[in-house]
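> Chains as they are written, first to last, in my numbering: chain U, 1 to 474; chain C, 1 to 196.
Honestly, the hints are just simulated from the structure, not real lab data. Be a bit skeptical, because a hint or two may be false.
Claimed, not checked - Listed below are several chain U residues computed to face chain C (Cβ distance under 10 Å; list not exhaustive):
no.	residue
1	Arg7
2	Glu8
3	Trp10
4	Gly12
5	His92
6	Leu98
7	Thr105
8	Ile186
To be verified - Just the calculated beta-carbon pair ranges, DEER-fashion:
no.	chain 1	residue 1	chain 2	residue 2	range
9	U	Ile2	C	Glu193	50 to 58 Å
10	C	Glu95	U	Phe256	44 to 52 Å
11	C	His154	U	Phe256	43 to 51 Å
12	U	Arg206	C	Glu193	49 to 57 Å
13	C	Gly84	U	Arg205	57 to 65 Å
14	C	His154	U	Leu379	23 to 31 Å
15	C	Ile166	U	Leu379	40 to 48 Å
16	U	Thr273	C	Arg92	36 to 44 Å
17	U	Ala57	C	Pro49	55 to 63 Å
18	C	Asn28	U	Leu237	50 to 58 Å
19	U	Thr17	C	Arg92	34 to 42 Å
20	U	Val61	C	Glu95	53 to 61 Å
Claimed, not checked - DSBU-like mimics (lysine-lysine), calculated; alpha carbons at most 35 Å apart, straight line:
no.	chain 1	residue 1	chain 2	residue 2
21	C	Lys67	U	Lys179
22	U	Lys179	U	Lys383
23	U	Lys179	U	Lys91
24	U	Lys91	C	Lys67
25	U	Lys91	U	Lys383
Bear in mind that the values here come from a model prediction, so they are computed numbers and not experimental data. Glycine residues also receive a C-beta, built at the ideal position from the N, C-alpha and C atoms.
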Amino acid sequence: MIALAFRELWHGGRQHTSSLLVAFITSVFATMMIEMDIVLRVQSIGGQFIQHGYVVALLDVLDLLFFFIAVFVACIVTANTFGIIMAGRAKHIALMRLLGASASTLRGAIAIEGAVVGLVGGVLGLIVGLLVAQITYGALVSSGTFVNVSIDTLSPLLVAPVLVGVISTTGAAWFGSRKILNVSPIEATGATQEPKAVTASEMPRRLRTLVIAAFVGGIVLLIAGVAVGLKSPLGLLIAAPGGALSFVGFVLGSSFFIPAMLRAAGRLTGRSTPSVLASANALRYPARSSRSTIGLVIGVTLVTMFTVAGQSFLAESGPVAAGAEAADAAGDQAFLQLTMGILAVLIGFSLVIAAIGLVNSLSLSVIQRRREIGLLRALGFTKRQVRTMILAESIQLTIVGGATGLVLGVFYGWAGVLTAIASDHHIGGLFLPTIPPWIIISIIAGAIILAVVASAVPARSAVRVSPVRALAIE
Amino acid sequence: MHVFAGLDTATSGRVSIGDTDITHLEDNALTLLRRRSLGFVFQAFNLVPTLSVLGNVTLPFELDGRKPSVAELAWVRLLLNRLGIGTLEARRPHELSGGQQQRVAIARALAMRPQLIFADEPTGNLDSRSSREVLGLLGDLTREFQQTVVLVTHDPVAASHADRVIFIADGRVVQDVAKSDAKTLSDIILSLEVAA
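For reference, chain U alone in the conformation it holds in the complex (with noise of 0.2 Å):
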């Protein structure tokens, strides 16, 4: 088994690049938290920058949510790696299977190379990580605005993210690699030349009962919150679970929702034959789209959340200050800029992770295409077509994942912020909710930049197939 695994990673290592940056991305947000945390304990203590243990308390909790969402994220761009990675190897896994290897012993092996990326991604997030907060450190320490306090910064809770890569990476390699159980090994017996399409499996009927229940019950409750907000601001106390509830039904159904507006996009970029040929490739494998998509909208829908929450609150709220001490409101609103910033580098590590799980998604598809490259290649497809038919495919994955967080985030900040303040005797009622236009402009400009690099690499790779060589039999 380990033999196995090691040959894999010896020969095709390549493939789980992605995996490996996604591990040590995730260990270096983990390192940087535990070194930031020590660090502003340490200040708290000598310096006079933070008195507050209340900041450092809301700075962990914080760190903790958004650490959490990036490991969640981590693992579903890695269990579709491997997914995709499985669709490649069917058929070496159907020889090794004719050959009388058992399925488990080949999901162990791959459950190896997962846990090898995973180390070599945690202690090299580490690493860097470490690295990276002492030169920060440093840098505050000489521009004045922390006192110089030797900081210990080794400590035992570091095994952490090396750890958090292992596990995550060896979990997700396991789940994605489930399908191997149905890899027959008919398959290597060479009657079929492509191997047969390995289909989603259904979701469990009861599971998605329950997924369909956390979608409804959430919006429920956070509409139900937002209505006890209008008078009092414990509703957040009822919206806040109903949002997170509601959105994790979202996530867990992305099957349900994704492929369909997948296939509105189609219809978007037009009706030449690589359009409509690119739209059949983003719906050839939905539950794959859906998941290279969804960390997208994870990431989308927390930016847009809090930039409109946050606006919103600014343009309520900004009258209202006029009126109340100048100094106190400056105050106020410097907080929440800051508090704004540090967010947007938390949630910036989701975003990273699952750009990169596109981009690979992409890539690793249209290199398992080749043949059918070839093919449209010896039927008078020219390079160009191919290159817009992957492009548009690429368009079509990061709009979808784009728009729907764009959608998602500006209803769950308005009903936040609507939540929080809306019982201020000062507002009193119901506002519409404040989009900047950057925002808008700036997520469809990342997605379009997005789609144009992820598709840069599969396009040029496949352009240089040639039709001869990709109909021979291998």
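We have chain U already, so just place chain C on it with the hints.
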């Protein structure tokens, strides 16, 4: 062949290999059966590209969770020498000709001394000279080591190497003859086609 090799389930009837009835065996038992009692040779060779010749031939032992013993390794080397690829054991599949690759596949199929070897159109990807050599070697080795081979083919020349030829048309056994030359077999195929 898929049903025969325990890869697919039979809708009716029974399949036995040796004394074992495999019709209703579950997946684990079938996996063990394939590992220890069956060998396969394919049209597309199906060697593992990342393994050397020796690695490919000893793969069944590795999947069995052990290293081949000294005696087994000697047996594997003997097979490679008898197949004329003894000097190529460190090469990778892509460095070999089609005929050489198919000989590696034959060595792999024989390595565990299985009860039965399935060969599915083993000459389908080979030129006529390599085909002749491969079939000759397969025939010689199986007679020398008392090995049973089930060869599936459309080619009367390949079939003429067999001790018994069973004709299957559209899923039914239509004729069963003893060892015959390629011309006789070819005539039978043509007469079946005319009758249909």
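> What are the numbers of the hints the structure violates, in ascending order?
19
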